[in-house]
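A.B. asks: Listed below are the residues making up each chain.
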Amino acid sequence: MSGLFDHEFLETIRRLSLNTRMSLDAGNVGVRKSKSKGSSVEFSDFREYTEGDDFRKIDWNAYGRFERLFVKLFMEEREAQVSVFLDISKSMKHGNPEKSTTASRLAGAFAYMSLANYDRVNLFCVNNRITTSIKSLRGVNSFSQIVSTIENLSYDGESSIVTALKDYRTTTNKGISIIISDFLSTDSVDDLIKLLKYNRQDIYICHVMSPQELEPELEGELRLIDSETGEFLDILTSNAVYDVYQKNLERFLAELKETCLKWGAGYSFVRSDEDIVRVLQRVACHGSH
Amino acid sequence: MGLNFWGLLGLITVPIIILLYLLKQKNREHTISSLYLWKQAILEVQANSPWQRLKRNILMMLQILAVILLSLALTRPYIKAFNENASHTIIVIDSSLSMQMKDNKETRLERAKREAIGLVDSLSNNQEITLINVYSEVIIEAKAALDKTLIKDAINSIMETNSVADMEAASQIVQGILKEKPDAVVTLFSDSRKDFNIGSFDFFNYNTQSTNYSIDLLSYSTARNGAVSALSVLSNHSDTDKTLDVSLYVDGAVFDAKEIDIEANKSINILWDNIPSNAQSLMCQIDSYDDLDKDNTMWAVVKKSEVQRVLLVTEHNVFLEKLLNIMDEVELYKTLPQATQDFKDFDLYIFDGYLPDKLPQDGGIIIFNPPYGGEVEIISEAQRPAFLYKNHSLLRYMEAQGFSIGETKVLKLPAWADNVLEYDGKSIAYSGVKDRQHITVFGFDLHDTDLPLTTAFPVLISNTISDMSTKSIFAINNIFSGERVEFVLNPETQKAELELPDGSVLRLAPPFPVSSFEEADMEGIYTLIQTIGQDTYESQFAVNVPSVAEFNSVKNISDVNKGNIDSEKNGIITDTPSEIQTDTQEDNKRDNTLLRNKGLERVILILLVLILIFEWWVYTDGI
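Those protein sequence lines, which keep their order, are chains A and B.
Residue numbers are given in our numbering: position 195 of the first sequence equals residue 330, and the series is strictly consecutive.
Residue numbers are given in our numbering: position 62 of the second sequence equals residue 64, and the series is strictly consecutive.
No lab work stands behind these hints, which were simulated from the structure alone.
Careful: at least some of the hints might be erroneous.
In the SDA-like style, the derived pairs of lysine to any residue whose C-alpha atoms are separated by at most 25 Å in a straight line are [unchecked claim]:
1) B:K41 <-> A:I360
2) B:K296 <-> B:M161
3) B:K41 <-> A:I411
Cβ-to-Cβ under 10 Å is the rule here; a few derived chain B residues that face chain A [to be verified]:
4) N29
5) S36
6) Y38
7) L39
8) W40
9) E333
Sample of chain B residues lacking proximity to chain A, with all beta carbon distances greater than 10 Å (derived) [what the hints assert, rightly or not]:
10) E31
11) M62
12) L64
13) A171
14) S223
15) Q403
Beta carbons: idealized from backbone N, C-alpha and C, even for Gly.
Looking at chain B on its own, in the form it has when it is part of the complex (with noise of 0.2 Å):
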């Protein structure tokens, strides 16, 4: 049951209702002849009514219960209560980070687990009941099942985890369910309900005041000097000003200590400087204690740029030419595509309206407005598509920006690859690996495009390198817990192995293609190993925890869009703490909204009105 307190403010009439009545006048004086009638007509009243003698006293107290109940509505108790006549029952148990959060001694998820196998233990033996686990993935735990100890036996094994609930997917879940068992009650144990976008449920909110602190960004900047310097952003979710002991860890070992005062509910960023040229990870940490101690600490691995070599194959495409002179990482070789048949020892070619009759074996290839009759299979062309975005790691930080196309070919999506740009259903650009190469292509000439004139074209082309980089796995660098890792092995790896923060070592391939890795749930520098012959070379990348996502789900930003959501799954905090404040409280008011249709104001006010009624009946003839 819960309560809005400030209701009680009401009961401070009661002790003036009690001093009216004290400081009443008295009662109307009426001088009679006599009252010998009078004394044994009231002492016979009394006698048959003993009401009587309180009845001034019952009307009182009448009041003060009237006034009680008043209070009490306004209030807005509400019970948990269930449809205890539904034929079928969805739990959906919510096990992202934040339900880590420690309220008294006891974690969000401990809590919502021990709420859900009680909601499970006041049902029939004959309601059938859908358990659905929610993280970064949702997991249907157990569907439509009868026996309680088995419903019991899955909540109790729902896991913590370190990743970001992805609500809108799990409720796209449940409003399959509710297609098929449309009278099914839903109840969804979370500590935000953002993006469930379900009719109505039962909400069983855990997100309760807490002190939370967190890392939310560690990246590094190398000069050309070699000297690495360090930036991260301290974030204090809680409602109260703090000084806050952050360190800096330099491969393993304390590289520098700061005292941070940070306002509530405020971000800050800190500098670290003079961090060794030849440092490998980061890590920073706060040493104060809080209820959530996951995002306390957040890791980085320092790049080393490896030229790669690439190879331009163009008639003529000067966009491309002067961005790739200028990329410090690229050692840029250019050709006419008559010039030469051979095309080997190269990380990375680029062919731009050509193809040759056959692809390098070595290194990636990026296709430019492939020619017909070529190994990219073009089915029409298409003037000034309109096209989406596909939710692709090509287009991580241009969600944003967009460009305009004027004419394009249109590709069959080959079944290795993923599209990266859609239109009508089909692919203008699409990206994959096909036996251990990963090819890259694009059916538009950037001539016919405004792309080359906005911002978007360099982050395009730097993704693009940096995905298909042999030499390097900077794609995976930004990566949260409990998202999927896709690896881009060199073509001639013969064994790729994946070390673990916690030591252990696990086999990538063979065999090959190497699948996407979906357990980087542990926080931590991770390693990749590949054996080339006898050479092995190791890279390495970090997963942390999710912090500034999550945590803006749990404050339910309601008035981001879908590209800045996007973008924070990304890591760009595009937010105030402000924003946050506000958002937090539209939505406890959304969520007493929500609440209130189960509450028990209804209740009450009807018992108002009844005593009203029985009060104004007891004043005119009553008892």
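This is chain A alone, in the form it adopts within the complex (with noise of 0.2 Å):
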């Protein structure tokens, strides 16, 4: 495994498992629940419990033998479609760590639990266009394949993902679509929001920022270039300059906070110096609701 995708991360997000409120009415038989009340209800398989499971459906009795926590799948389930938007432009590869480090690993996990949970997953690599995609994966053997992939990912290019998505047609069903990203262009999330919306999306955004975008150390008289873009912006550091700026940095939190929630849209502030577990536990609970 790669430095990215060790085993001790591996085997906690394995223990995760990524939920969604979205009721699935279509598609091939899979983990999650649906409300279809279909002849074909009856025990399927057992899970070990993990957090954000129904304690009900505890199977007690192989608890007692085996001192552990299973759950019983026994409901018809039918895989979700989960797209995994990956952010590779060039602002990701800024901030200590990097916010591509932070953004990969947490595709990476979205896609593994995905996977893990018989879901089927699609990872796109998006700039100002969609660079790489694997579709259809399944189970947890293809996993390989999106390490392989994110892996070898270069981050480079503007950033913008509505442009990149405008021709976006989700072929299957229903799914679910993650988006990591850092949302720093001029892009309209609610455009983003309102096009995967019309493709029967459950959206959930994982807005990664790095320490120094949050709390930026700058002295003096400085240009400041965009790693996008080349651009550039003299300017002349001072107390009243970054009250301003941190002004509008919350004001731009706040904001995308608001749009996630007025279309229904799952929201998760992710820091990349930010223990990367503590981020797929506060989700899976999120998924949980």
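From the two separate chains plus the hints, produce the assembled complex.
C.D. replies: In structure tokens, the structure reads:
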């Protein structure tokens, strides 16, 4: 395994499941609950209990035998289609640690958890277009393909997910779309969510930002250069400028969160220096609601 | 307001600052993920603080402003400000010769009067004003006056004089006023503050760069064959070399003219030969234009030596005898004290250690070592007295030469006499006119002094004989404008008149004794006319402007001692042009020092510090 996805990390995410509030009424059988009341509602399998599972489904007999918690999968469940949109624009390559590292691990984790839950996984690497896409992966054995793709990604180009997804049409049924980006672009998040909603997607946004963007430590007269466009801005740093920047940043974050709330999209803010496991646990909790 | 323009050289750095800003390296480049948030922030900051856009320019402008202020501070700007809160203002105006110098079509005195009136106008109505006019005399024109109109009229009435300013006397008077009014503000309007010894005062300095040439001396000598030759000293007080036309007039007619090349700040001697032996008056004149024409002309009267009959009454005095014998104008007769009791028909009587019962009635009298019980009242005797020279004409030309006295009689100074040598507040030599008769008394025996062994001896005796002569007025040969003239009239003179250079005649006597003449302000030839019976006797003397003394006063020679200064007043040039130049620079320095106290540097420097603080604030977090 590579540095991005070491064994310990994989072991952690294995135990996390990704839940969605979205009800599925189409697609193949999977491990997601369905509201369909078909005849095939019967015991299917055991699965180790993970945080967020309904404890009423715990098989206490199995616990008595193995002293480990298992839940019984006995309802009809259908596989979900999980699409992970990973922003690979150049801006993601900044920060310490780099946002790209966090974003890549998140994308891998989401993909792995989905595969482990028998979901169908699509991975789209996006800047202002979809540069790489892997579609309809199934089973954890496919995860190596995900890892290989993520590890070979080149973070470059300008970020414009809306432009990239303009012609995006899901060929399958409803699903979950996870967007991992810093959203530092002029693109309207509103438009992005609307576009995905139009494609019947349940949307989850992972907003990744670096500590340097949250608390910039710049001094003196500087020429700030945009890593994506090469555009520059001469500034003379001062407390006044920092104050306005902070206010602007807070407003930016608040607006993004509000937009997500408005459209019923999940939102999680991630610092690039934050422990990835905690992030995943937070996301899993959110999904179980 | 005044400036030292050299300080403005600091402004050279202004274009340098601008150039540095133009050539300044680009801002430090820093690549960030995106400008998205920064753009909005900067736009907002600029919207809220319009100065932000100019912030960098503000720093540059502040730095330029700081440099300008620093340069301004280096110029040592000052304003002629007055203490308007003072209850008393003393205005001292110099109306001496040098104040007649023209700067910009206006004489210094005219400008001083104009600015003094401006000062008066600027004062509040409840401020008392004392106005002092300084020339050879010190006149208090107005004392503690509140009426500004009166003061301004008094200022306007101050006339230019040809004399030397007696700043020492003026400062003594001002000090006296300051004792009564300690908070009084003193303001001096002059071209020199030399000898004006006041702790602090405002000084309106009119000593600007000027072009002036002067005739500093005109003297003559008569050879035994009667041939007359003259010597004049020409000075160039400007900073440029010059060729000057100089003419010599004999008895009012042009006798000779010369073209003289003279270097800047130098003096040069000009010799005039073959002057007719019957010449009576000489006038040397510079024909070139300068800023002060009064000192371009100098007069001299050619004296004809007249033999005086002098009777020396002494037991034995080889010093006097030898000296009098070699004096051309003296026809010496010597007698022993016991030889005669009837003294008459001599121009001068010299009694050495002896006095007759009855003093002679004609001619002057010189007494050495008077005996007790005579007409000279003796108080006591003194051994090796430490005596002082008084400022008396008998001692002229011998200020720098001293002599010692082993034993002398201390004399009571009569009311009619002036003290010549003072000892312990009393007199050991005096001179004066008693009942038209000139009497000089020395309390010591020449044998008890080393005077005959010094060069002062012939000078003193010559001065004494000349002053006491009734046949000449040699004593008033070298008179400068503004000086007091003492006339020695013949005891038999019944009427004395003085013809001034402009032809007007002034009556001097009767009444007798003749008072001193204090109005010799007009330069030129004066004629003293004495009437004895049916006969009239005329004698002339010249009055000249004190060019050297006054100009040197302006130049402010700081290292000359008191003796030298007195010498200058008597026409002896003791300094060299190089000294003059050096001292002028020194003087200017001192003036600036004085004026700096009234300068604006402190205000400017405070402003500069505030600007630097503001700049720091702008740079760090400011606007």
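A.B. asks: Any hints from earlier that this structure breaks? Give me their numbers in increasing order, please.
C.D. replies: 3, 9 and 10
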